[in-house]
Amino acid sequence: MPVMTVIEAVREAMREEMRRDSRVFIMGEDIGARGGVFLATDGFLQEFGEQRVIDTPLAESSIAGIAIGAAVNGMRPIAEIEFADFVWPAMNQIVGVASRIRYGTNGTKFAPMVVRMPYGGGVRGGLYHSQTIDVVFAHQPGLIVIAPSTPYDAKGLLKAAIRCDDPVVFLEHKRTYRLVKGDVPAEDYVLPIGRADVKRQGADLTAVTYGLMVHYCLEAARKLEAEGIEVEVVDLRTLAPLDRETFLESVRKTSKAIVVHEDYHTYGVGAEIAATIAQDAFHDLDAPVVRLTGPDVPAMPFAPTLEAEFMLSPEKIASAMRELAAY
Amino acid sequence: MPDDRASSAPSRSIAPEPRPGKLTASDLVGMYRTMVLSRVLDERIWLLNRQGKAAIVASAQGHEAAQVALARATDPARDHYLIYYRELTTLLALGMTPLELLKGFLCRDGEPLSGGRQFPTHGAHPRVDLFSFSNVVGTQLPQAAGVALADKMRGEARATIVYFGDGATSQGDCHEAMNFAAIHRLPVVFFCENNRYAISVPLSKQMAIENVAARAAGYGMPGVTVDGTDVIAVFEAAQAAVARARGGKGPTLIEAMVERLFPHTSDDDHTRYRSADDIKQMRGKDPIAILETQLRRQRLLDDALHTEIWAEAKRIVNQATEQAEAAGFPDPGDFSKRLYAEG
Ligand SMILES: Cc1ncc(C[n+]2csc(CCOP(=O)(O)OP(=O)(O)O)c2C)c(N)n1
Chain A
211 MPVMTVIEAV REAMREEMRR DSRVFIMGED IGARGGVFLA TDGFLQEFGE QRVIDTPLAE
271 SSIAGIAIGA AVNGMRPIAE IEFADFVWPA MNQIVGVASR IRYGTNGTKF APMVVRMPYG
331 GGVRGGLYHS QTIDVVFAHQ PGLIVIAPST PYDAKGLLKA AIRCDDPVVF LEHKRTYRLV
391 KGDVPAEDYV LPIGRADVKR QGADLTAVTY GLMVHYCLEA ARKLEAEGIE VEVVDLRTLA
451 PLDRETFLES VRKTSKAIVV HEDYHTYGVG AEIAATIAQD AFHDLDAPVV RLTGPDVPAM
511 PFAPTLEAEF MLSPEKIASA MRELAAY
Chain B
5 MPDDRASSAP SRSIAPEPRP GKLTASDLVG MYRTMVLSRV LDERIWLLNR QGKAAIVASA
65 QGHEAAQVAL ARATDPARDH YLIYYRELTT LLALGMTPLE LLKGFLCRDG EPLSGGRQFP
125 THGAHPRVDL FSFSNVVGTQ LPQAAGVALA DKMRGEARAT IVYFGDGATS QGDCHEAMNF
185 AAIHRLPVVF FCENNRYAIS VPLSKQMAIE NVAARAAGYG MPGVTVDGTD VIAVFEAAQA
245 AVARARGGKG PTLIEAMVER LFPHTSDDDH TRYRSADDIK QMRGKDPIAI LETQLRRQRL
305 LDDALHTEIW AEAKRIVNQA TEQAEAAGFP DPGDFSKRLY AEG
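Protein chains in written order, with our numbering: chain A, 211 to 537; chain B, 5 to 347.
A portion of the hints provided could be inaccurate.
Now the stretches of chain B that chain A is said to cover, found in silico as 3 or more residues with beta-carbon under 8 Å [claimed, not checked]:
(1) 132-146
(2) 174-187
(3) 206-213
Listed next, with one range per pair, are the computed distances between beta-carbon atoms [said to hold, decoys possible]:
(4) PHE333/B <-> SER529/A: 19 to 25 Å
(5) PRO212/A <-> SER279/B: 29 to 35 Å
(6) LYS57/B <-> ARG405/A: 40 to 46 Å
If you are wondering where the hints come from, they were derived from the structure by calculation, not from laboratory data.
All C-beta atoms in this analysis are idealised placements derived from N, C-alpha and C, irrespective of residue type, glycine included.
Just chain B, same shape as in the assembly:
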């Protein structure tokens, strides 16, 4: 790890940590609750896709623990989030409602992220500085460096979290972003959700090394690999990276090892390129089952609470589905509006 040289950012603006400390028992159960809600919603979206109502879904199943723990280590009132397309849990953890998200998948009027112009989960969060401008893999990485640069210029102690997959690390944009962020000690947390596949392309054809985090040394920033099914491990790594960023010490690369439990999207069939063995093994790394075991062992979860959490998630998702399906489609009269500042 490179040493932490003095920050070049003005120190006056660095405010105290808003949510310090360790995870409590209720944090852990709260994270479990969000993960379950994400899972139930994700499953509902697949169902809507199979019914021909949702054109596409890129599932977050398998990534839930990594996403919820990272979100918990940040402050949505203060930090910036540049997500990619596989962030359903992140969006829920950062305050989007199932109804808002379902309106995106079903393209209904009032869809808050893009007004139904973009694929689901693309656009900008109505209440948090979170956005995903494009589906083009890797484009968010240099943008994150720019967001962080602006904060640094103004002396604001905020972290910019940028999310991406292992495949995205092959883009020139990724290299260019990490290099720039490290040179300027920008407050960026590079968060790679490594599920070992980019659609069908396995990690071994994406890079000749085992871990993305190893690259961090080449840029002069810390890089850590964590078990992305372990909420505590992700939280601790993220908390350190966020503190480092807000403290003006520069970027960090976190690589969370996760599994993509479903095909790339609803248009994919992973049996064409994943062996039966591989599929069976990865199913054993379901982060919800893993956290559940942990919570039960610590006596933080019993059958009654388990039933309550899943029933609550289903109730919320059922209600949101009904409401979303009752909404109309966006008005085509609006379709050329808001292309320029005027009009």
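One chain only, chain A, in its complex shape:
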């Protein structure tokens, strides 16, 4: 099986879908001759031409609005937002409108579109190239929010997103783009949207996480294994709709849970998961659910010392896990 990086898997998924379905096209800033700032569309202009690989003006609201228009008129647009930090001008179209199209037309119109965006920190991106805005989308009914962590998941889920009949926000952690490698089948496959994946089995505690933090949790779990603590790592993969059953089942087995995410603490994904566990697995719990998250400070300061303070690390995660295991 070919070994790929996350960015290569993203590129493969889009290439295969564009070859398979002539309704699929991609639009965004610098995606043509430049091949995208992260090279997600490297070679696409040559293969698919300017009609299907559209370098847009620098205007995100129109990128999202045009995608909506094309989607409701029978196309399958992939809209690339250059960085998640720049999606704010498009929020009106994505959160305000795309999410409500099927509901607001009582099911007669729908918008099969994907809005892809690199997100996340730890890349010396400062306040405007590091944001994690996962929960802003995940909170909005009507949107599907996917945040894969591995090349295999990225390819299978992006292909599923492109074929999905509802609007999908597809979050790609930019630190994983080149850092994370893995086996990816060369052939066509799709993964189910809304299904979490147990990335590591363990009996002592459950870590519920997604994105880059999956890898940090796995690294922390390896450290703890040497100390005799077995951590189970659940990768949510899809934030909305949320697969509650997979992590509940894991917590029923381990009786201890830690939720780990880079996004802010207050009102975050961790709060939803902790509340779900408290409600549905209360009697199985041996310890309070721990939330280890990004701080409630704007993501994220630029200076290396300040960025390190903001970001979680395998070490910080390992020590929180160790504490929980000892509870």
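Assemble chain B with the ligand onto chain A, guided by the hints.
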């Protein structure tokens, strides 16, 4: 051009022009000096980037003449400046020191613009009302209309200068800002540094017209296109726009045609999207070489002065680099402070 209807701003507060008149010989040489300092500093920052010490640089090389001439037409004690990320020369011309700027690129303790929280050149100038709150392209344009609105409400005769690239003009924010500023005859100078590229996207994919300035008519304000390598042309256009703003006559759109002599930032490679021919041609429009030729022709610059100016710039930048590198990184204990008024 629309007619200049009577100002709706109270006239009592309109003070005399602080720095009237034409550019003198010493102004021209002074501008050249600032441009050279900017160039030497810019080159140093690229070097620091290649050495892994500066995480990112968005170069002002090619924009120096436009920036220095505009600054010279304004008054830092009086006007407001909402810059974008490509304004190294503007910052030097408005009194930031190379040491202060290098501390930003190297994220060192005591960095005055944002305390190392933001990308270099983002944050607020410690002594002049100049700021850049965000990297998000175009957000500064409506903010500039708001700054100018406040001056108008208080009857203060100040100009608000807002800087942006050609790509930024595609944002809804740009349209909304220009429309509002024109409706309310706000004292704004919209300064577009048109280098014909927004990262890789050429002007032809950004707009179906040749010049940004043509849009001004649609808002009901004057719009001019000037050669951004010509300090005198930029100065004169800027001086007229600033006078118009301070005089309560409303906004102006100035479009300075410049070249981006380097890739978009240190993370970019412009050979992926610019032809060899295009790159060769734009190198011929280096504003420093152009001003130098002009000064030599007017006998305002000779070899001795030329050597002195470049040597002086290198000395200043070398010293600033040493001092900046000797400083530590910001204290992480500070990292959650100053998020709200309390704490
Ligand atoms: C809203 C937003 N979208 C995308 C970006 C990424 N980006 C940064 S600079 C830039 C190009 C800006 O071009 P232009 O306005 O022409 O200024 P120039 O860099 O050429 O001086 C882009 C697309 C951003 N910072 N903000």
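Here's how the hints hold up against the structure:
For a cut-off of 8 Å, the count of residues in the stretch 132-146 of chain B with a CB near a CB of chain A stands at 5, and the three-residue condition holds. With 4 residues having a Cβ less than 8 Å from any Cβ of chain A, the stretch 174-187 of chain B passes the three-residue criterion, so the hint holds. Remark: the stretch 206-213 of chain B is confirmed as covered by chain A, as 3 of its residues place a Cβ nearer than 8 Å to a Cβ of that chain, reaching the required three. Range check, PHE333/B to SER529/A: about 23 Å between beta-carbon atoms, so the 19 to 25 Å window is met.
Take PRO212/A and SER279/B: their Cβ atoms lie about 34 Å apart, and the range 29 to 35 Å holds. Restraint check, LYS57/B to ARG405/A: a C-beta distance of roughly 45 Å satisfies the suggested window 40 to 46 Å.
Consistency with the previously given hints is maintained throughout, with no hint failing.
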